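S.K.: Protein sequence lines correspond, in order, to chains C and Z. Okay, so the first sequence: first residue is -14 according to the numbering used here, each after it adds one. Okay, so the second sequence: first residue is 1115 according to the numbering used here, each after it adds one.
Treat each hint with caution, since some may be false.
Using C-beta positions, here's what the derived DEER-type ranges look like [to be verified]: (1) 114/C x 1425/Z: 33 to 41 Å; (2) 135/C x 1697/Z: 25 to 33 Å; (3) 27/C x 1507/Z: 33 to 41 Å; (4) 1835/Z x 130/C: 18 to 26 Å; (5) 28/C x 1459/Z: 41 to 49 Å; (6) 27/C x 1731/Z: 49 to 57 Å; (7) 112/C x 1353/Z: 51 to 59 Å; (8) 28/C x 1697/Z: 14 to 22 Å.
Derived pair list, reagent style DSSO-like, types lysine-lysine, alpha-carbon separation capped at 27 Å [unchecked claim]: (9) 127/C x 1691/Z; (10) -8/C x 55/C; (11) 1737/Z x 102/C; (12) 130/C x 1666/Z; (13) 55/C x 127/C.
Which residues of chain Z face chain C? A partial, calculated answer using Cβ under 7 Å [what the hints assert, rightly or not]: (14) 1470; (15) 1781; (16) 1783; (17) 1787; (18) 1789.
Note that these hints are calculated values from the structure, not bench results. Keep in mind the model is a prediction, meaning the values are calculated, not measured. No residue lacks a Cβ here, since even glycine has one placed at the ideal position from N, Cα and C.
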Amino acid sequence: MPSYAFKLNDKNVTVEAPADMSLLWVLRDLLGVTGPKYGCGVGVCRACTCHVNGQAVQVCTLTAADVVGKKVTTIEGLAPDGGLHPVQQAWMDEDVAQCGFCQPGQIMQAAALLKAKPRPSDADIDKIMNVCRCGTYCRIRKAIKRAATT
Amino acid sequence: MPAHASPDAGQSEDPAGLLTRRRFLTYVVAAPVLTVAASSVITPGKAYAVVPSPPQPENILDLGDVMVAATKQVEDLLVLEVTPDNRVVFRVPRAEVGQGITTALAMVVADEIDARLTDVEVPLEEARQDLGTAQSTGGSSSVRALWDPVRSIAAEARARLVTAAAERWDLPARSLSTRDTAVWAPDGRSATYGSLTEAAAEVAVPAVSTDPKPSSEYRLIGKSTPRIDARSIVTGQARFALDVDVSGALPTVVIRPPTLKGTVESYDGSAALRMPGVMAVTELPSGVAVTAKTFDQALKARSAVDVTWGRGTVDGVSDAEIKERLAKAIPSSTLPALLDQRVVDATFDFAFVNHAPMEVGSAVADVQSGSAEVWLATKSPTGAQSAVAEAVELDVDQVTLHVVRGGGSFGRRIYHEPAVEAALVSQAIGKPVKLMWTRNDDMRHGRVRPRSHHKLRAVHAAGQVLSYEHRMSCVELDLGSGTGQALVDAGYVNPTVGSAFYTLSQSCPYHFGVVTESLNEVSYDMPTATWRSVYSGQARTAEEILVDEIAKALGTDAVVMRKKFLKTAEARAVLDKVATEGEWGRAMSSGTAQGVALHGEYRSIAACLVEIDCRGTKPRVTKAVMALDVGRQVNPSGLRAQAMGSLMDGISTVLLAGNHLDDGAFREGSFSDFQYARQADAPLECDVHLVGGTGKPGGVGELCVPAAAGAVANAYARATGKKPRTFPINF
Ligand code: FES
Ligand code: FES
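Sequences are here, hints too, so could you generate the full structure?
M.R.: In structure tokens, the structure reads:
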């Protein structure tokens, strides 16, 4: 089986996986990283959103080969050493989460947006396609704006 | 109030076998006398002369009362424990699927026992047959049903801890106080609850009152408190069923039939078994399961299994046929209008709607000879436990069922198919498995809110509504678990459970003279389910649309008209609140408009005002103002969260999201074609106001769905000039 090396949450990892194995399952089933969630497996719900080289991506649409030599960050690695990223803090301050299942993906999406656009407009926030079936959208918007000012 | 408390009862009368292994303080509180809540009917104020309607059954005894009574009956089986390391542990006999009840209940415990919130733990209780349906989550009744029992046992615990400290210090118990998970003496000495727990367990009779404290002494109840599990959620540590680390549990998915409830005639799994990582191919009643070392391998091996499918239960049936049958199932009007009277009438159709919780159906099961262990997010733990036991031919007490947090439910997790499937596969292959439904499985074979048809008719004369009829028909709702089972337990006979549920949940909030409401269910063998707010989601939405049309016929403003006919002061208060805060009637550009609606149920009431913009390619709700009177407010932040979530359900089911039935199969397969609202469909502004706030907590989880849906539909009608009749509108 081919093996792939990349950086996962700031640690070097090498994983043996079939070439076509979805990165979501590489993370969850081979590496035991369960923050990224399965919600559709086809790139539409965005519950699996992680960062690859700082960009928000749906890991269910990638393979291990796609990230060779790159930096993969999951929700577990967003803030160093057990701390909180400003977006995570804003999520807590606005009491965003309901069931919480979509929130790792929402937070990774928001963190990437804020990195690209430190002062996102409502139109920018409207472009976020992550589904929250519990309907936390209004608080997500507030939390993004709160994180933008901290 | 507890009649007596016996810490020794744990040794002698411990039906669940839960207490004997505990060395620590455990309370068993005797069951109080069962009481049924009195009618909350309020006669209309003098200012409004209307044709009064007599109280309807829901006003006297509602569905939540059935759950409250069920919980009361087993109150003496609830367990609160104080551990030597100073943790106060209340095992919650409910599911946490996003409602925030664990936070609310932790607040109640902390407030009543005088502990720091961070010292309180609220794990979800394992399935316990002795709790029966009292362990079910549904009917927006969790906090409502547990409010009295939890305060009772926490107050009892506090009294015993104080008594133990008084004995240790040889001081009068009445001179001691409690705060921060400790008992304090007047001289400043303190003892943590953990240090007192063993002595407190020996206390025969508490030396201070065991009554719950008066509301004036609440520190936490009523204060907005962030979710106690917020940090674990935002850091990705929160564990859902498939995140639970059960050693050796093998990923498993199921190949499902092309049509609803199709059967397996034959299959050939040999090619799949030769694929890398594939461990087993197992036939199930619902399809063929593929087990592999990773989910990726299991998912990819599905196409290598050759299955010959038998017919499903509704092959050949599509929406059009069901719609026609539902329309025919409605009896004709019994109340003809006389010559000088006028009629406002309308028919409405609501499509099937999937629950689509973000976390798909999933379960972990480890079945061995003579025992089984299951991990499941379930709102009906005892039902799931029994179903698993039956499937794998074990006794119920040989099955341990751990209740895991759920990634949303909206009614879906009252049913437990994944647990049964996982158990069957685990038994067949002799290994633990973690079984996952794909999103496609959930959309095409998961359950749906039943399609419904509504015929509404109001007769008015001289500014009064003389009679009002609502005839609803829908595809039969499967109420075989959870709250449905609670109704059966309460004495409602099985075939009438649907109508009992309907009767106990429906009442018209207006004085509309002679009110007739009826439900006819049409039988199709389909996977239906309770969907957040159940029948009210459609029935009360339709009514609120008709109310706007009655107002128009009477030549009255929609808010003024509602205030005239509403039965209760609480209803008028929430309506007034949204009208004021939302600037009802403000001038708006053409193509945009406001809409308003309200809904009362679960001993609570909510009003919603929205603004909609219908000028773009699809309508967008741009602003929402909601007002809720839910009685006692335990956690205002959590209440607001439920209102906002319900608003998104209202927006979705009215404008966007539904499922088509084509020839025995659902068309939609994922969030690409099931158009549940996203960020761009959510209002930019959403304010939730809480009014009232005294007495006991009412229900809130489902409360706001009909109010939100009605307001969105009414705003749409005003903005477009079109009468909304079929939902979702963009389908
Ligand atoms: S699981 Fe990756 S987008 Fe849905
Ligand atoms: S919080 Fe439940 S899906 Fe977003």
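S.K.: Hints first: check each against the structure and report whether it holds.
M.R.: Tested hints:
1. 114/C x 1425/Z: 33 to 41 Å: 38 Å, holds
2. 135/C x 1697/Z: 25 to 33 Å: 32 Å, holds
3. 27/C x 1507/Z: 33 to 41 Å: At 38 Å between Cβs, range holds.
4. 1835/Z x 130/C: 18 to 26 Å: 36 Å, violated
5. 28/C x 1459/Z: 41 to 49 Å: Because 46 Å falls inside the window, the suggested range holds.
6. 27/C x 1731/Z: 49 to 57 Å: Since the Cβ atoms of residue 27/C and residue 1731/Z sit about 24 Å apart, the hinted range of 49 to 57 Å is violated.
7. 112/C x 1353/Z: 51 to 59 Å: 31 Å, violated
8. 28/C x 1697/Z: 14 to 22 Å: 41 Å, violated
9. 127/C x 1691/Z: Holds. Residue 127/C to residue 1691/Z sits at ~23 Å (cutoff 27 Å).
10. -8/C x 55/C: 6 Å, holds
11. 1737/Z x 102/C: Holds, at about 25 Å.
12. 130/C x 1666/Z: Violated, because 41 Å separates the two Cα atoms, which is more than 27 Å.
13. 55/C x 127/C: 32 Å, violated
14. 1470: 6 Å, holds
15. 1781: 16 Å, violated
16. 1783: 9 Å, violated
17. 1787: 9 Å, violated
18. 1789: 10 Å, violated
Consistency note: the structure conflicts with the earlier hints numbered 4, 6, 7, 8, 12, 13, 15, 16, 17, 18.
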